Amino acid sequence: MLEEQFREYPILSPESGGLEFEDESKLMWILETPFQKTALSRKPYLKTEDTIKCLLVEIGPRLNFSTPFSTNAVSMCKSAGLKMVTRVEYSTRYFLQFESTFDLNADSESAIVNTLHDRMTECRYSSPVDGFNLEHKTEDIYEVDVIKEGREALEKANIEMGFTCLDAVEHGFRTVLIEDACRGVDLTDIDEMRKNLKTNGAVISHSCKIKDLVEAHDRPPQLGLQTAKNVALARTLVAEGKVT
Numbered sequence: 001m002l003e004e005q006f007r008e009y010p011i012l013s014p015e016s017g018g019l020e021f022e023d024e025s026k027l028m029w030i031l032e033t034p035f036q037k038t039a040l041s042r043k044p045y046l047k048t049e050d051t052i053k054c055l056l057v058e059i060g061p062r063l064n065f066s067t068p069f070s071t072n073a074v075s076m077c078k079s080a081g082l083k084m085v086t087r088v089e090y091s092t093r094y095f096l097q098f099e100s101t102f103d104l105n106a107d108s109e110s111a112i113v114n115t116l117h118d119r120m121t122e123c124r125y126s127s128p129v130d131g132f133n134l135e136h137k138t139e140d141i142y143e144v145d146v147i148k149e150g151r152e153a154l155e156k157a158n159i160e161m162g163f164t165c166l167d168a169v170e171h172g173f174r175t176v177l178i179e180d181a182c183r184g185v186d187l188t189d190i191d192e193m194r195k196n197l198k199t200n201g202a203v204i205s206h207s208c209k210i211k212d213l214v215e216a217h218d219r220p221p222q223l224g225l226q227t228a229k230n231v232a233l234a235r236t237l238v239a240e241g242k243v244t
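So the sequence shown is numbered by full-length UniProt numbering: it starts at 1 and just counts up by one.
I should point out that these hints are in silico values taken from the structure, not numbers from a laboratory.
In this text the structure is predicted, and so the values were computed from the model without any measurement.
Beta carbons: idealized from backbone N, C-alpha and C, even for Gly.
The reader is advised that the hints may include incorrect statements.
Unchecked claim - FRET-style restraints, in silico, Cβ to Cβ:
{"#": "1", "residue 1": "Leu56", "residue 2": "Asp103", "range": "16 to 24 Å"}
{"#": "2", "residue 1": "Val146", "residue 2": "Glu240", "range": "33 to 41 Å"}
{"#": "3", "residue 1": "His206", "residue 2": "Tyr125", "range": "21 to 29 Å"}
{"#": "4", "residue 1": "Glu240", "residue 2": "Gln97", "range": "33 to 41 Å"}
{"#": "5", "residue 1": "Asp145", "residue 2": "Asn105", "range": "33 to 41 Å"}
{"#": "6", "residue 1": "Thr188", "residue 2": "Ser79", "range": "38 to 46 Å"}
{"#": "7", "residue 1": "Asp191", "residue 2": "Trp29", "range": "35 to 43 Å"}
{"#": "8", "residue 1": "Pro68", "residue 2": "Asp191", "range": "27 to 35 Å"}
{"#": "9", "residue 1": "Arg235", "residue 2": "Thr121", "range": "17 to 25 Å"}
Said to hold, decoys possible - Once the Cα atoms are required to be at most 30 Å apart in a straight line, the calculated DSS-like pairs of lysine-lysine come out as:
{"#": "10", "residue 1": "Lys156", "residue 2": "Lys211"}
{"#": "11", "residue 1": "Lys198", "residue 2": "Lys209"}
{"#": "12", "residue 1": "Lys53", "residue 2": "Lys211"}
{"#": "13", "residue 1": "Lys43", "residue 2": "Lys83"}
{"#": "14", "residue 1": "Lys47", "residue 2": "Lys37"}
{"#": "15", "residue 1": "Lys26", "residue 2": "Lys78"}
{"#": "16", "residue 1": "Lys37", "residue 2": "Lys78"}
{"#": "17", "residue 1": "Lys198", "residue 2": "Lys211"}
Could you build the full structure based on these sequences and the hints that come with them?
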């Protein structure tokens with residue numbers, strides 16, 4: 001599946017263009033790898049190529065908090081007289097080249113990215129990061145009128161805020177949990193969630209089998225049973241005049 005893998009380590013720091021030559025030289029000296037001065041560059045060297053099947057992914061720390069690496073790096077900068085440096089972080093850029101027969105799609109890309117980082121402390125940078133200032137957007141509080149609109153209002157709110165497997169099962173949707181695309185911290189909680197999903201009719205499957213599930217080449221009995229329940233519920237609601 002994977003033919004080649006390359007990686008580089010971008011370093012996020014203040015723009016060197018605003019530094020004096022002496023200060024910039026100090027910063028470069030601190031950041032460079034000993035005996036490998038040519039390994040430090042102002043521009044990345046990994047780039048995607050349209051002629052081959054490849055994937056370029058950049059993984060780095062979440063920018064809403066500083067890492068221990070940044071704390072130590074800033075301490076070194078201040079000791080060297082670089083008082084203007086307040087934070088330094090580094091990320092990892094992966095260049096993955098695949099065999100021509102590999103089906104690189106949104107599902108496989110998501111599964112690959114999830115295996116490359118810890119989602120609690122790291123995230124994927126979809127575009128180059130040029131600073132640490134984050135724009136925080138606030139949303140107004142709104143009401144969900146469950147009494148008047150019933151289940152439809154709750155389903156709409158859940159979709160807008162981000163549906164989870166547990167929510168989907170609770171509302172009677174046919175649910176498939178992609179096992180290798182999920183992570184957790186507490187193993188006990190993970191086992192409890194899996195048991196809860198299985199008990200309520202959800203299917204736990206591997207990402208390589210999702211295509212067959214969608215195209216109905218491999219349809220587990222649980223999904224068929226849930227479909228039958230949904231059809232029976234719909235017929236009951238129509239017979240009672242609750243829906244038309």
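(message) Range first: 33 to 41 Å. Now tell me if the beta carbons of valine 146 and glutamate 240 are that far apart.
(response) Violated: the Cβ-Cβ distance is about 20 Å, outside 33 to 41 Å.
(message) Checking one constraint from the list: CA of lysine 156 to CA of lysine 211, max 30 Å. Satisfied?
(response) holds (27 Å)
(request) State, for the Cβ atoms of arginine 235 and threonine 121, whether the hinted interval 17 to 25 Å holds or is violated. (result) violated (49 Å)
(message) Just to be sure I understand the hint, the distance between the Cβ atoms of glutamate 240 and glutamine 97 should be within 33 to 41 Å; is that true here?
(response) violated (58 Å)
(request) With respect to the beta-carbon atoms only, verify the hint that threonine 188 and serine 79 lie 38 to 46 Å apart. (result) This hint holds: roughly 45 Å between Cβ atoms.
(message) lysine 37 and lysine 78 were given as a pair; does the straight-line alpha-carbon distance stay at or below 30 Å?
(response) holds (22 Å)
(request) May I ask you to test the hint 16 to 24 Å on the CB atoms belonging to leucine 56 and aspartate 103? (result) holds (18 Å)
(message) Against the 30 Å threshold, does the CA-CA distance of lysine 198 and lysine 211 hold or violate the hint?
(response) holds (21 Å)
(request) For the pair we were handed, lysine 26 and lysine 78, check the Cα-Cα distance against 30 Å. (result) holds (11 Å)
(request) Take the C-beta atom of histidine 206 and the C-beta atom of tyrosine 125, compute their distance, and say whether it sits inside 21 to 29 Å. (result) holds (28 Å)
(request) Just tell me: holds or violated, for the beta carbon distance of aspartate 145 and asparagine 105 against 33 to 41 Å? (result) The hint (33 to 41 Å, Cβ to Cβ) holds, given that aspartate 145 and asparagine 105 are roughly 39 Å apart.
(message) Against the range 35 to 43 Å, how does the distance between the Cβ atoms of aspartate 191 and tryptophan 29 compare: consistent or not?
(response) 50 Å Cβ-Cβ, so the 35 to 43 Å window is violated.
Of the hints listed earlier, those the structure fails to meet are numbers 2, 4, 7 and 9, in rising order.
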